[in-house]
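A.B. asks: Position chain H against the provided structure of chain D, taking the given hints into account.
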Amino acid sequence: MAAETSVPASEEPLIQVEKFNYAYGDHQVLFDVDLNMHSKDVLALIGPSGCGKSTLIRSINRINDLVESARVVSGSIKIDGVDLYASNVDVINLRRNVGMVFQKYNPFPRSIFENAVYGLRVAGIKDRHDLEEAAERSLKSAALWDEVKDRLHEMATGLSGGQQQRLCIARAIALQPRILLMDEPCAALDPIATARIEELILQLRGQYTFVIVTHNMEQAKRIADRTAFFYKGKLIEEDDTMTIFNHPNDPLTESYITGRLA
Amino acid sequence: MNQPATANPFAGMKSRDALRETIVRWLLRLGTFFIVAVTVAILAHIMVKGAPVAFRSTWPFVNVQFLTELPSTLHVIEDVKGGRIEVEVNRADQVKAQLGDAFHSETTISYSGGGILGPIVGTALLVTVSISIALFLGVACAIYLSEYARHGNPLIEWVRLAILNLAGVPSVVFGLFGLGAFVLTAPVFVDVPADRSVFAIPLGFTTLSFEGWDTCVLSGGFTLAFVILPVIITASEQCLQAVPQGFRETSMALGATRWQTIRYSVLPFATPGILTSSILGIARAAGETAPIMFTAALAFKDKLPWQKDLPPLPADASIFAHWEQSVSRFLGIFTESVQALPYHIYTLAAKIPQNEYSERAQYGSVFVFLVLVASLAASSVLLRKRLRAKYRW
Chain D
1 MAAETSVPAS EEPLIQVEKF NYAYGDHQVL FDVDLNMHSK DVLALIGPSG
51 CGKSTLIRSI NRINDLVESA RVVSGSIKID GVDLYASNVD VINLRRNVGM
101 VFQKYNPFPR SIFENAVYGL RVAGIKDRHD LEEAAERSLK SAALWDEVKD
151 RLHEMATGLS GGQQQRLCIA RAIALQPRIL LMDEPCAALD PIATARIEEL
201 ILQLRGQYTF VIVTHNMEQA KRIADRTAFF YKGKLIEEDD TMTIFNHPND
251 PLTESYITGR LA
Chain H
1 MNQPATANPF AGMKSRDALR ETIVRWLLRL GTFFIVAVTV AILAHIMVKG
51 APVAFRSTWP FVNVQFLTEL PSTLHVIEDV KGGRIEVEVN RADQVKAQLG
101 DAFHSETTIS YSGGGILGPI VGTALLVTVS ISIALFLGVA CAIYLSEYAR
151 HGNPLIEWVR LAILNLAGVP SVVFGLFGLG AFVLTAPVFV DVPADRSVFA
201 IPLGFTTLSF EGWDTCVLSG GFTLAFVILP VIITASEQCL QAVPQGFRET
251 SMALGATRWQ TIRYSVLPFA TPGILTSSIL GIARAAGETA PIMFTAALAF
301 KDKLPWQKDL PPLPADASIF AHWEQSVSRF LGIFTESVQA LPYHIYTLAA
351 KIPQNEYSER AQYGSVFVFL VLVASLAASS VLLRKRLRAK YRW
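Keeping their order, the protein sequence lines are chains D and H. The numbering used here numbers the first residue of the first sequence as 1 and each following residue consecutively. The numbering used here numbers the first residue of the second sequence as 1 and each following residue consecutively.
Keep in mind that the hints were calculated from the coordinates and are not lab data. Certain hints may be false.
As the list claims (entries may be wrong) - When the alpha-carbon atoms are kept at most 30 Å apart in a straight line, the in silico DSSO-like pairs for lysine-lysine are as follows: (1) D:Lys126 to H:Lys390; (2) H:Lys390 to D:Lys140; (3) D:Lys149 to D:Lys104; (4) H:Lys385 to D:Lys104.
As the list claims (entries may be wrong) - Among chain D residues calculated to face chain H with C-beta under 7 Å, some are: (5) Ile63; (6) Glu68; (7) Ile92; (8) Met100; (9) Asn106; (10) Phe108; (11) Tyr118; (12) Gly119; (13) Val122.
Please read these numbers as outputs of a predicted model, since none were measured by experiment. Built from N, CA and C at the ideal position, the CB exists for glycine as well.
Excised from the complex, chain D in its bound form (with noise of 0.2 Å):
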């Protein structure tokens, strides 16, 4: 299925990696990443745990700026053809264009209805009425809005785990971005919750791209389109999901989704 509803090769990509080496101080931890997103697809990273597939999607949003020592060696991230680590460009305005959720489900101690419209408060976005509509369209994408939609000014971390992740979620959609960069978004949460997460996803599939982190095989087969397999900070390959998992290429992306990679 996800073959099918992948985008023509012969389009643009909408985020290029090109020869991308990253490095924290003189530990490099990405080489030569060379990968294309598609607009509207689901990609999904999968690797052993240190392979640097978490730092690649930190780096799309620029949120790794924040840890210190960490700094490209060389190539570039675009988007549109843009490269995000050009002087020119402002980190805030990317951010607010690539939306991130972490792994451990992280709501301000807050208002749910205050960590819905967080973005766009500090956009300086004022209206009450604009806030209010945000806040349930955002919700209501998350498939949340049902469930909360009576305590919206109650403290968001009275939430069960699974709301207080689709909190989130709803969080990074209230601005609206073109990517949603996802970090093991359910990896806190348990097989029920996950479920809801992964249908919320294929929900809102064709609406964002979106760039999945997981530890989780089934759970790339079921939400994503394509998918990249890492190991020790190489991108080893990139295929459609059901060719990386069918067919692989490479003798290490089958050993590691048999589970036989020391």
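C.D. replies: Same frame as chain D, now just chain H:
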């Protein structure tokens, strides 16, 4: 079944080990008890000696005079029968005349009559000024160190070292620093620079003269602020560091600037802890004597800081003139020298001959001082509790 007890594999330790264990436990226990005992003894001593001065057995149960009057010289007049009458200076002659031939002797004890309103007001002002300055500077510094400065920057390491060292400086050194920096050289706007001015910059309409602020609340407040700054900086930085990094990342990932992130997602959650550190600061600032000796405090002053003689306004003075005078009266508070509780206690204990009357005033002051500091601390704890309930993660 007549096995000896030693055959039990779980029998107790050998007697020497057991003895050592008991000795260690009792040594540690005694050390702890000793500290508690000393603390209780100090508090009880002050309670027993001080509470009778501050409280009364009849309505209104509080010694109003002690809390609402300025210190004055106490006159004790003894009659021939050995009876003693305590009076203030204005009534001494009247009492002596009444006694007539019965008058035997008169003793005067400095500072021990009246009340301690002057020192209370002075300490309150000094604490307010110093905690405001220290919180502003300290939190600013902590935010910079925690949120903006990069680790490993040698300059930042020097700053941290300086802060640590500041904490170890004896308070009398701060006093001398305050004398030199604030009392004698701090900049003021004046029309004509004084002779002692270190440096004067003419600005046309006025002159910025580095001639100092003189001994006043402002000088003392600034000096005390530097005494408590290291505490506030270190504690505030720890509180900022305790806010989960995830809050910062999430906030920035949602397009917030660094300052917005600090303002909405870091500071609110660090505030309860910062307030706690300010409690420590308040208690320290209120208790220091050496830093204010040269910069703000007087042993005796017969006026409260706002009771300054200003030229009387004409009867037809405009509302603006009245307003202007009120403002200058308010601002004048900060440029007056004051009495302060710790310095008052020091004066009573060390600068005048000791007798039952001076001792009474002294313990009364100490008691009131303790109650004031304790209630300040208590209110901060309450505030912190309320904030913590509001911002929890």
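A.B. asks: List in ascending order the numbers of the hints, as given earlier, that are violated by the structure.
C.D. replies: none
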